[in-house]
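There are 4 protein chains.
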Amino acid sequence: MIRVGVIGFGYWGPNVVRNFHGMHDCQVVGICDLDPHAFHRASAAYPGVEVMNDSSQLLESTRVDAVAVITPVWTHFELAKKALENGKHVFVEKPFTSTSAQAEELIELAEKKHLKIMVDHTFIYTGAVRKIRQLIDEDVLGRLYYYDSTRVNLGLFQHDVNVIWDLAPHDLSIMDYLIKGKPQAVVATGAVHLNTHEDMAFITVYFPDDVIAHINVNWLSPVKVRTTLVGGEKKMVVWNDLEADEKIKVYDRGVQVGNPNGVYELLVSYRSGDMWAPKVDQTEALKLESAHFIDCIMNDRLPLNNGAAGYRVVKMLEAADLSVKQRGKLIEL
Amino acid sequence: MIRVGVIGFGYWGPNVVRNFHGMHDCQVVGICDLDPHAFHRASAAYPGVEVMNDSSQLLESTRVDAVAVITPVWTHFELAKKALENGKHVFVEKPFTSTSAQAEELIELAEKKHLKIMVDHTFIYTGAVRKIRQLIDEDVLGRLYYYDSTRVNLGLFQHDVNVIWDLAPHDLSIMDYLIKGKPQAVVATGAVHLNTHEDMAFITVYFPDDVIAHINVNWLSPVKVRTTLVGGEKKMVVWNDLEADEKIKVYDRGVQVGNPNGVYELLVSYRSGDMWAPKVDQTEALKLESAHFIDCIMNDRLPLNNGAAGYRVVKMLEAADLSVKQRGKLIEL
Amino acid sequence: MIRVGVIGFGYWGPNVVRNFHGMHDCQVVGICDLDPHAFHRASAAYPGVEVMNDSSQLLESTRVDAVAVITPVWTHFELAKKALENGKHVFVEKPFTSTSAQAEELIELAEKKHLKIMVDHTFIYTGAVRKIRQLIDEDVLGRLYYYDSTRVNLGLFQHDVNVIWDLAPHDLSIMDYLIKGKPQAVVATGAVHLNTHEDMAFITVYFPDDVIAHINVNWLSPVKVRTTLVGGEKKMVVWNDLEADEKIKVYDRGVQVGNPNGVYELLVSYRSGDMWAPKVDQTEALKLESAHFIDCIMNDRLPLNNGAAGYRVVKMLEAADLSVKQRGKLIEL
Amino acid sequence: MIRVGVIGFGYWGPNVVRNFHGMHDCQVVGICDLDPHAFHRASAAYPGVEVMNDSSQLLESTRVDAVAVITPVWTHFELAKKALENGKHVFVEKPFTSTSAQAEELIELAEKKHLKIMVDHTFIYTGAVRKIRQLIDEDVLGRLYYYDSTRVNLGLFQHDVNVIWDLAPHDLSIMDYLIKGKPQAVVATGAVHLNTHEDMAFITVYFPDDVIAHINVNWLSPVKVRTTLVGGEKKMVVWNDLEADEKIKVYDRGVQVGNPNGVYELLVSYRSGDMWAPKVDQTEALKLESAHFIDCIMNDRLPLNNGAAGYRVVKMLEAADLSVKQRGKLIEL
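Protein chains in written order, with the numbering used here: chain A, 1 to 333; chain B, 1 to 333; chain C, 1 to 333; chain D, 1 to 333.
These are computed hints drawn from the structure, not numbers from a lab. Fair warning: there could be bad hints in the mix.
Claimed, not checked - Under the rule of at most 25 Å between Cα atoms (straight-line distance), these lysine to any residue pairs were calculated in the SDA-like manner:
hint	chain 1	residue 1	chain 2	residue 2
1	B	LYS131	B	ARG226
2	C	LYS224	D	VAL140
3	D	LYS180	C	LEU194
4	C	LYS279	A	ALA244
5	A	LYS224	B	GLN256
6	A	LYS182	B	LYS329
Given the structure is predicted, the values throughout are model-derived calculations rather than measurements.
Kindly generate the complete structure, drawing on both the sequences and the hints.
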């Protein structure tokens, strides 16, 4: 039985509590939030769980095995560090930390203490992303060409971060999971319209073997779009996360290029066959993820989305942030 | 009565012929194509019009007042130059020329000879684009924030140009028409997967006053997308060119940022009101455009999409091409 | 303060409890369900509310002012009758009763006892339906032509009723609210494929002045559709309840017929103007409805969706049921 | 070489001429239309073909082997009869005739004269309908449950017929092709709003084995819909004819009903698996159909859509027309 304390009961925290609360091998022993409304909501929803507004109570408690840090990104490092120092495993909301240096320090600390870090890259546990990974692993898509994601809406502006740190972690963590090669460099462009933070950005990530990824994030779109194209040599995928059913469509479409017999002109031919929408597992992603966290602690396994994955995403965020502020300067990773 | 000769009867040429043929003040006096099939099709469709395979016949004929050059881009300069030298007005398929130097030379020549150049930026004559322009001119959108276009499909690969020169001229000419400020710089990223030309590219164009434009062009998309977002301070537009009706949707959505009373936190509020799909004029764009060309010749007016507009688009194409080959290097315009 | 007891905590009951629970002038004093799982869920969710499995405890309690009957339709009459006999106001899940005779008996009883009946026609409190009603009331649509609804999905088969009693009450109650004239007659066709109940049906309701309504209900559709067309002389509405935004689209489209100067041929002309998606109030319908119920009790007002409305819907259901079993025999109302 | 004369060069006639004109084994030897504009258009488009305004010239010519009658329905019988009497095969626009008695007379006449009748049920030659037929023939769908079609738009009002005769022939001919059993009876409801003809109608056709078909036709819809559901025991099809690609979607969805061990409650379970959009042949339907007509003449074969098919569709149209005028009276076939 793993005893979990959760810090942060704002937008996402209640989902984390609900999932850890619903597991057999796990017990939520404390919830912490500074905001009186969140405090009240937590008390009402979980009468049997201790609610507090001082995180030290959780971080230092001997009754806590693991701490979930579901707070703004600028607080992650201090809270996670303290938890690790006190011998607790940590589950940290994405993005992992504000800087890659912080991420490295936490990873080192966890290793020294033999503790687990899981960074909450929820999307890689969705049925849709696992299905795309399966299509890649089983070579259904063939050689990978590109990943192109549009993630725009009329957004919740964050006061402390720009749109890159707010929306891009989703795609960066998905790319980290789907694309085998190591990212080489980042180019990002964008603009600031309303305050001092970028409210829209266009991020290109270069991978080896001509694999290219592009992310379009925007807080100023009148419509919500969550569409990702994954192009392969054999097949191509359109993932529309806003569809209730048929989130994933696999197209038997492609291009062949030939140049036979020394003919001057290239012979380009197109293939346009069936489309197929595989059934996608509907299990709540966070449920699978939190179960995996508890399992990793109990059986001493390495989490799929461990500290290193969190570090890689933060590295790309840093690079994109640096690039966007220099009008698309190429940042090598 | 303006007598027009048309060079090129491939994919687009027949539309140009049909429109000039259908006008009162205009007569198509010759069609030229090297390809025997095109030659045959032209002869069958226009029994009364002379069809030939030597463009000199048209370019040098005293019976021709204007020449339409509807051929691959690398041939534009030579053909248009010869036409101008022979005292003929020219209507040139987009992109205007292969280089901005060529465009400048043609503009200069036309001025010296008092001849008209029109570059076939058809899209700016569509009901949709004219409606967006009207919404901007009448300040319905308010201060402009951005233009973001996705123009992807499983494409016709061109053998002589990359995806930028093939698909981006559409958006660049629309931007040239819609955005008041002068473009400052271009950043483009992309990749080559199948031969030696980029088959996908992501182009950012920086304008003054934090106006930013982004174009996503891709020949390797399994689905066809033609969607453009135009964001303004007051209202935002979604233009989906693949919709039969309701191509343009105007959203009464926006964001206000305030910071009253020295309060630390920004006050961000959202506006989410009605959506409105104005009726869009369905007149064939090329019909309006060709009529404008004839009118400009007959009444000595400056075409909206004159040589200078064509030059500006070629400048941006050159910059994007240069940038994509240097992994997103910023190219000042 | 109105004290409410709720019978039935299955699929819909929890929503009813949550809404009455959240109101100031109202207190949920008891929840009853025979099913042990429902009993357990109610106890866990509302620690402060008494949960029981014998409805008599609620129906006879002096601590209860009003009873909400959220149980299968065949139980409505007995439970509501007992509640009324014991001097309690009743809120009854739709459809009101299994027969119109039962509905009449309950209405009479309530009148004699000066008690309120509200039948849970939730849909008429949605922002979408209220907006359509407003468009009709303000004569935006002009003379009404038709109401045509498609309400199909791969369905929850009910064991006790057919698809008409399961899905048609929604549209019948909406029609009762939107269409001014009294329904005259019903024709219904349908088929039984899997057991002894109709699993698909097509219902026509004739109204005065050539207003016609049609409802397509189907438990065997592979896709879920919730689309209703409301046609008027001046404007036409498409209501797609599955859209997150833009549920209601108002089309400035129509037809004019003229026959001027004794000309033999009719002159038909079409109008195709703008489309407009008015913002629709997102307040939870059940919240407005339950507040209205409490208000009607406290201030002795007649509920909009009172027993008579419930009776009218049951009359149409009876007629449709009778008609479908006689292969479309016209049933006068 | 079959020599064809075409009567009627209005909306559909040009397509018929174009297809017969494009075939090797066939020659269009005459086009007839009373309308001067149609006459002019035909002359311009087919300089080598004789154009006339007196149909007798074609019907009596010894140079004509077959006549295509592409005129309003009320003229079909006289023209086709005269053609058959003169020893010519006939291709008749749908619906075949104004009455089933006329259809019978023509069929009898053709048999006596050993001539072919083809009724232009174009839709059964589309890739979509042929694919659905294949799915039925190969038992992919399993036992057929229903056919449910919505065919609505802001319509071309016909002056001589109501919406049933205008739009329903499409679905009735498709049903005649897809559904194996013989239609038993028809129930139709509808309304007249603008003149003396029904402008919307809802038609149910009963088939053996609980197969049911429903057609929703409407000239007063603000939006165009062309969607048909075909439900089977094993799989279900959604055919959206307005989609450019993916017209046909096959859903691995269904319902099983069991009643094991004398248990009182039925056990209903749902199956929700993959969706699959098979590639659909894009060949022009009319091209295949006209080739089949010529082949039937040359090789003395019975056309798929022969006079008998035309008769069956007219029988259903008559029944629907009779039923709608008697408010849904069941008409046995």
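Structure-based check of all given hints:
For the proposed pair LYS131(B) and ARG226(B), the alpha carbon gap of about 17 Å is at most 25 Å, so the pair holds. For the proposed pair LYS224(C) and VAL140(D), the alpha carbon gap of about 22 Å is at most 25 Å, so the pair holds. Only pairs whose Cα atoms come within 25 Å are accepted, and LYS180(D) paired with LEU194(C) is accepted, the gap being roughly 20 Å. Distance hint between LYS279(C) and ALA244(A) is fulfilled; the C-alpha atoms sit about 23 Å from each other, no more than 25 Å.
Of the pairs offered as hints, the one joining LYS224(A) and GLN256(B) holds, with about 18 Å between alpha carbons and a cut-off of 25 Å not exceeded. Restraint check: the Cα-Cα separation between LYS182(A) and LYS329(B) comes to about 22 Å, which is no more than 25 Å; the hinted pair holds.
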